[in-house]
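Protein chains in written order, with the numbering used here: chain A, 1 to 479; chain B, 1 to 479.
For the record, the hints were derived by calculation from the structure and aren't laboratory data.
Note that the list lumps identical chains together, so a pair holds whenever it fits in one copy or between two copies.
List time: in silico DMTMM-like cross-link candidates among lysine to aspartate or glutamate, alpha-carbon distance up to 25 Å:
1. LYS275 to GLU30
2. LYS139 to ASP153
3. LYS48 to GLU159
4. LYS288 to GLU71
5. LYS286 to GLU97
6. LYS101 to GLU159
7. LYS288 to GLU97
8. LYS288 to ASP95
9. LYS288 to GLU30
10. LYS436 to GLU43
11. LYS205 to GLU97
12. LYS304 to GLU399
Below are the chains, spelled out letter by letter.
2 protein chains.
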Amino acid sequence: MKFETNWRPDRSRGIPIYRQIADYVRSKIESGEWPTGSRIPTERAAAKVFGVNRSTVVQAFAELAADGLIEGKSGSGTIVSAASAWDKQVPKLPDWESYVKTGVHRPNQRTIQDINHAEFIPDIIRLGTGEPSPDLFPKAMNRIFRQQPSQTDIFGYPEPRGLYSLREEISKHMTGYGISVSPDSVLIVSGALQALQLIALGLLKNGSSVLTESPSYLQSLQVFQSAGMSMWGLPLDEEGLDAIALERYAASGKGTLLYTIPSFHNPTGKVMSLKRRQDVYQLCVKHKLPILEDDAYRDLWLDKPSPPPLKSLDQNGLVLYIGSMSKTLSPGLRIGWVIGPEQVIHRLADVKMQSDYGASTLSQWTVMQFLRQGLYEEHLDQVRKELRSRRAYMLQLLESYLKEAAEWEVPTGGFYIWLRFKRDISVPALFDAAIKDGVLLNPGYLYDKADRNHLRLSYSYASFEQMKTGIERLARSIP
Amino acid sequence: MKFETNWRPDRSRGIPIYRQIADYVRSKIESGEWPTGSRIPTERAAAKVFGVNRSTVVQAFAELAADGLIEGKSGSGTIVSAASAWDKQVPKLPDWESYVKTGVHRPNQRTIQDINHAEFIPDIIRLGTGEPSPDLFPKAMNRIFRQQPSQTDIFGYPEPRGLYSLREEISKHMTGYGISVSPDSVLIVSGALQALQLIALGLLKNGSSVLTESPSYLQSLQVFQSAGMSMWGLPLDEEGLDAIALERYAASGKGTLLYTIPSFHNPTGKVMSLKRRQDVYQLCVKHKLPILEDDAYRDLWLDKPSPPPLKSLDQNGLVLYIGSMSKTLSPGLRIGWVIGPEQVIHRLADVKMQSDYGASTLSQWTVMQFLRQGLYEEHLDQVRKELRSRRAYMLQLLESYLKEAAEWEVPTGGFYIWLRFKRDISVPALFDAAIKDGVLLNPGYLYDKADRNHLRLSYSYASFEQMKTGIERLARSIP
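Input sequences plus hints: build the corresponding full structure.
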């Protein structure tokens, strides 16, 4: 476990720093936050987090050890002493460590956990983050809250499939994509990731195979693997997902689902051609292979709109379609949606009710208002304009600093540039070095375990100044 | 699958009703919402939902059959015809029915599914609903949104454990309960139910046993069973959970977790005495049995506060504590929290990040403001006042209408009255009869499969008028 806290010793108080640290640890132990037998932070980690000299921590820990609260244990560092327990009879309880290790759900990949934590290091430059910068968040919030929502709209438990008025707006919005669907077949979810979780728990069986692009965002998640499914990666070519590889695998009958991001693919930025969409759809029809189409980036075209979604070709109910407001409106609202045959939507709604009783009604109402009042379209115009200049600036930086070392294609939408190093370098070592240098990267191996020479760069999150500093530092770190 | 839609034929249009219905079905088929081979609603169900004569539906379906879009199939009703598919080659695809049946997650109990759906029948009287009535929702929303939140506060992805400012407020709020905990050991979740899901997926192993009161709210959920755990019910006496039964079971070493609702227990309304809390805690210490304390109703005391939480006795990190705003502030915000040893909180935060990337930041910010500005305490005063008159009215109705047939205890807080019928009656039949009569009940067997003669009544949701009509109708339906 990583040691993290917002607590810091207060130098303006009259109390010595080492004593403040000792009191802090004492309160952690007495409150049961650090139970008997659990490991406490190393002196080094504590000194770093608290921003003090290691000797100060040494002094604090010595006092705690003298009081019998902590003890060194060979092989496992310093632990909370059994003698600290109010009941001296109790040696070590409960063994949370074993609970933490035996859960059904797999832990996130180590690098993902590192990224989740590093994102909150102050001033870290996030060069790979798949989020809109706070500068891109909509300004219309106050206009919306001047509407005086009805209490029930924003505070009640929503229906299993989500707020009806939002499902109506989504259904209208989908018409613009060539998807004709009634609100009955729309399920509101707490972001696209939850859609994957519901599908994993609600539709697929243990031992299923999920096919997907290689690399793919999906490979950075544990959602299908934790539910006992395996993943099978299919190569990408100029036009998107390789249809021949798909046919070969689909014919074997082993795949239960094809997950694809045909528009502004994450992480490569590629767009599947219209022809390829038709081919992939026909192949899936032939082999009765359901498709899960993740279309979270569609609204973020920068040069021209992407070809119509696979779902728009679908009169057979073969395609489950996922949309999201996280990349366009804002991630903090946690609103996405799934479209599919009604019986599937009902099943997923039931699993959702069992997971969290539905998405925040306040968030649902807010998104509904954005759509209904036309504020969403207004906002997209702004976002596209801003993303175009960000993309231009990032490309210019790459030209200036990384032309020798790497190559890339110009994305026509979305957030990402899939950077390929021309020479063999150790990307894991680069990741570690960059963090020390205050730069957070998304290495290619997150999206394809076998990948050795890519980075996913994003121009959506860091400020212009941060992009410059970040790319300069990155260029400097390349061996 | 239940047939549900908000669509209705429009009598003011010049188009015959049967034709409107035929067009509706056609659009469902052409959009893939009702895929080839899937069953369409029965004529009876369609007539009921659309509010038309059955003969009108018969006429519409006859037209669709003549066009080859639907066909009768012996044994499985009317299905979408294969000939309807744009590609005549394709007989039936994909077999969503089999996907829907094979998911890892168990479906909700049938009665729970019926309840989830019946809740949205217009004018239904909900006599058992465990939610605050919309009348009880806070009025302070506009005051809060006048604060002009920073964009990042309400739109950004939150930290894995949740918005820091909210965790600070919760930590302060917990001090009032005798729980001393830093924001580091608080995890924000999307409602208490999600806490259970995270614990099931993140901490427990397949084949574990979860001990709990019998009856218990927990037994109405599938969350632990779907993750491969079994449940073991322990009896309740005057002082709460039976400590002797707990000791016997705990000594066998088979339990991995004790789930309990010591304050204003759901569904019985009982409060565990202080003495019993101490005994239960000591027993769990002795047997190293972790406790999951669900304290969602604590703030809703009506006569006097409940004894301190088990967590306040806990210096050993034995207790995981769950709190929630769903019963007090509003369910639609979907905000709850878990408190426990830091290593457990980190593990649960990681599983949460993999499930939905965190709770709505907009909801988190809103709850933080309620707490920070003291609006939450103000609101609680109002809610308690209102619940007291609701409880008094419900008790008066029971005295008038159900004294002969049933008995009950007066709850000292929370939402529920645990009604026991003195004679053997068929509660399942009563449930069905009541729905037909426009009254939705929560039968006791939801909370204990073996229960045959209880209802969970709630005075929190229905209006005074609805309570009266509902109890009158209920009294009339008792055989």
